[in-house]
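Novice: Order-wise, the sequence lines are chains A and B. Position 31, counted from 1, in the first sequence is what my numbering calls 31; the numbers after and before it change by one each time, with no gaps. Offset between the second sequence (1-based) and my numbering: plus 1000.
In short, the hints are calculated from the structure, not lab data. Any given hint could be a false lead.
[Claimed, not checked] If you want the ones that stay clear, here's a sample from chain A, every Cβ over 12 angstroms from chain B, calculated: (1) VAL28; (2) ARG154; (3) ASP173; (4) TYR176; (5) THR254; (6) ALA258.
[As the list claims (entries may be wrong)] In silico lysine-lysine, DSS-like type, Cα no more than 30 angstroms apart, as pairs: (7) B:LYS1140 / B:LYS1189; (8) B:LYS1189 / B:LYS1056; (9) A:LYS40 / B:LYS1169; (10) A:LYS40 / B:LYS1140; (11) A:LYS167 / A:LYS182; (12) A:LYS312 / A:LYS182; (13) B:LYS1189 / B:LYS1258; (14) A:LYS202 / A:LYS286; (15) B:LYS1140 / A:LYS20; (16) A:LYS40 / B:LYS1189; (17) A:LYS167 / A:LYS40; (18) B:LYS1230 / B:LYS1140; (19) B:LYS1169 / A:LYS20; (20) A:LYS293 / A:LYS202; (21) B:LYS1232 / B:LYS1140.
The beta carbon of each residue, even a glycine, is placed where N, CA and C say it ideally should be.
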Amino acid sequence: MTDAAATREALGPTLVQLAKDGLPIVVVDADLGVSTTARKFRDAYPERFFSVGIAEQNMIGVSAGLAAAGKVAFCSTFGVFMPGRCFDQIRVSVAQTGLNVKMVSSHGGISVGEDGISAQSIEDLGLMCSLAGVNVIVPADVVEARQAVETAARTPGPFYIRTGRPKIPVIYDEGYRFQLGKAHLLRDGRDATIIACGIMVKRAIDAAAALAQEGIECRVLNMATLRPLDEEAIVAAARETGAIVTAEEHQINTGLAALVARVVGSKEPVPLGAVGMRDGYAESGKWDELLEKYGLTAAAIVQEVKAVLARKRSDGRK
Amino acid sequence: MVATESIDQMTATARRVRRHIIEMVTEAGSGHPGGSLSAVEIVCALYFRLLRHDPKRPDWPERDRFILSKGHATPVYYSVLAEAGYFPVEELLTFRKLNSRLQGHSKINTAPGIEMSAGSLGQGLSYSIGQCLAGRLDGKDYRVYCLLGDGECQEGQTWEALMCAPFYKLDNLVAVIDRNGVQNDWYVKETMELEPLDAKLRAFGWHVIGVDGHNFEQLIAAYEEAKTVKGKPTAIIARTVKGKGVSFMENNPEWHGKAPTKEQEQQALAEIGE
Chain A
1 MTDAAATREA LGPTLVQLAK DGLPIVVVDA DLGVSTTARK FRDAYPERFF SVGIAEQNMI
61 GVSAGLAAAG KVAFCSTFGV FMPGRCFDQI RVSVAQTGLN VKMVSSHGGI SVGEDGISAQ
121 SIEDLGLMCS LAGVNVIVPA DVVEARQAVE TAARTPGPFY IRTGRPKIPV IYDEGYRFQL
181 GKAHLLRDGR DATIIACGIM VKRAIDAAAA LAQEGIECRV LNMATLRPLD EEAIVAAARE
241 TGAIVTAEEH QINTGLAALV ARVVGSKEPV PLGAVGMRDG YAESGKWDEL LEKYGLTAAA
301 IVQEVKAVLA RKRSDGRK
Chain B
1001 MVATESIDQM TATARRVRRH IIEMVTEAGS GHPGGSLSAV EIVCALYFRL LRHDPKRPDW
1061 PERDRFILSK GHATPVYYSV LAEAGYFPVE ELLTFRKLNS RLQGHSKINT APGIEMSAGS
1121 LGQGLSYSIG QCLAGRLDGK DYRVYCLLGD GECQEGQTWE ALMCAPFYKL DNLVAVIDRN
1181 GVQNDWYVKE TMELEPLDAK LRAFGWHVIG VDGHNFEQLI AAYEEAKTVK GKPTAIIART
1241 VKGKGVSFME NNPEWHGKAP TKEQEQQALA EIGE
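Go ahead and model the full structure; you've got the sequences and the hints to work with.
Specialist: Printed below as a string of structure tokens:
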């Protein structure tokens, strides 16, 4: 197993394998297949790979038509372009039809890096989670990303999977089994829960280890599926640990923080904290520098956990 | 099966379809009569002469597909499906009402024969391309007919798709443009001119045929010609009259999306005839 890999690397090879397994996979591409790795599918199955050029709206419609004719239609580009350039096409031709269209967007979050804010996708998860009937997954590493792609291919209906550009630590071994709609418990603790997705999961693990050094025991949940959301795990975390911090590479107003806050607020109110993009954009820079500058770090999670713990205690909770 | 009505039979069917359109929009109190009346012959010629389809088996994989991209033209779509036997004609009067299968804009599979969700313009041609690519991949010889409005041709996605279909040499695809010259607010040429539309389509690589969109002979000839074209898709520019058959609706932007009153309904039905 490699120590580090980009989640986007999962797409192409997994699709080739699934096609070899006999699934009627087709791929529709909008000129970013090299970056998303979807183009690897073209090498193995050229007749099942369709380039539409830089035309994301058409990409969605063509994918929907292929799906309606019995294909498992994958399409991919960057997170800023899908859903950004084709939201209404996704809404009408995919979400409202329930067709077998599997949208895999790479270059999620600000860790795109040097390309700057037009390429940094910090709104895609909120947009996609607003669409009824679309499953939304943010894999934490390449192992989970492979399984997310396979799950999407084998499960009827629309999917959105967000992958990333940088090589990040691999946290799961091959024995791991991703379950759609289920949070994965990475560490247990009684003082607070850190709920993270994507690139922030490893940072949550690191934050929990650092906090443990100070005697603060955190539960860590990988909330890889944002829709359908594992409300049970969130309510249990609130009830059993009494404080929650979310961590995401996305706008907290519409992303994981907002989703968790709705569940906690309506079912088991406890102090909440959030690590993620606040009301603003990032800039160009190396991906790890950006995460540092914009507070998407283990240290930021540690700080946020301490802040909610202070509120938890002042609330009279243990 | 291929439906084979004679021109006379289709003319009678078209008259019934126009009556349904008026009656269902009046009953609903809303809807889009103008762009439905303009497309009556275009759609009737397909369902009663051209399409390989079977109303008893709407999911038949070998069927030819009709994709309504101008999704507001549901009155003509549903009326033709009912006349073809996909569901009872009586059901047409549930159009746009609560719990009806006949939604204001078409939604896939709500009732038998509804091939696609539409209503947000510009999406149908892309979807048709996907169906054509799948058909070719699977070695099936079904054909796909996509109906677009002329106003709809202002959507950017339409041109993405117009670029794409010739690139893939989709000779199993026919795009029919209902060239009625009127869009939601006003006349197309004064909203955003499309002309020279035929030259643009040819430049994009389409085989282009212009017809009188209310003339069955010309429509059928164009559909048949399209079957013989190899290596490129065919676009049929069907010159039509918006609101065709009802004097006060004809070529009048006011009737793009408005229901007649009861009195207007009576006048319209009298003009259409039995």
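Novice: If I take the minimum Cβ distance from VAL28 (chain A) to any residue of chain B, is it greater than 12 angstroms?
Specialist: violated, 8 angstroms
Novice: Would the pair LYS40 (chain A) and LYS1189 (chain B) pass a check requiring their Cα atoms to be no farther apart than 30 angstroms?
Specialist: violated, 46 angstroms
Novice: If you draw a straight line from the CA of LYS40 (chain A) to the CA of LYS1169 (chain B), is it 30 angstroms or shorter?
Specialist: holds, 24 angstroms
Novice: Are the Cα positions of LYS1189 (chain B) and LYS1056 (chain B) separated by 30 angstroms at most?
Specialist: violated, 42 angstroms
Novice: Need the status of pair LYS40 (chain A), LYS1140 (chain B): alpha-carbon distance at most 30 angstroms?
Specialist: holds, 27 angstroms
Novice: CA of LYS293 (chain A) to CA of LYS202 (chain A), is that 30 angstroms or under?
Specialist: holds, 18 angstroms
Novice: Taken at face value, is the distance from the CA of LYS182 (chain A) to the CA of LYS167 (chain A) at most 30 angstroms?
Specialist: holds, 25 angstroms
Novice: Straight-line Cα separation of LYS167 (chain A) and LYS40 (chain A) no greater than 30 angstroms?
Specialist: Given pair LYS167 (chain A), LYS40 (chain A) holds - Cα atoms ~18 angstroms apart, limit 30 angstroms.
Novice: Say whether it holds or is violated: ARG154 (chain A) keeps its Cβ farther than 12 angstroms from all Cβ of chain B.
Specialist: Consistent with the label, ARG154 (chain A) stays out of reach of chain B, its closest Cβ about 19 angstroms off (over 12 angstroms).
Novice: Quick one, are LYS312 (chain A) and LYS182 (chain A) close enough, alpha carbons at most 30 angstroms?
Specialist: holds, 26 angstroms
Novice: Does the claim that ASP173 (chain A) lies outside the interface with chain B hold up, using a Cβ gap greater than 12 angstroms?
Specialist: Since the minimum Cβ distance to chain B is about 37 angstroms, ASP173 (chain A) lies beyond 12 angstroms and the statement holds.
Novice: Once the closest CB in chain B is found, is it more than 12 angstroms from THR254 (chain A)?
Specialist: The claim holds: THR254 (chain A) sits with its nearest Cβ about 22 angstroms from chain B, beyond 12 angstroms.
This entry does not satisfy hints 1, 7, 8 and 16, going by the numbered hints stated previously.
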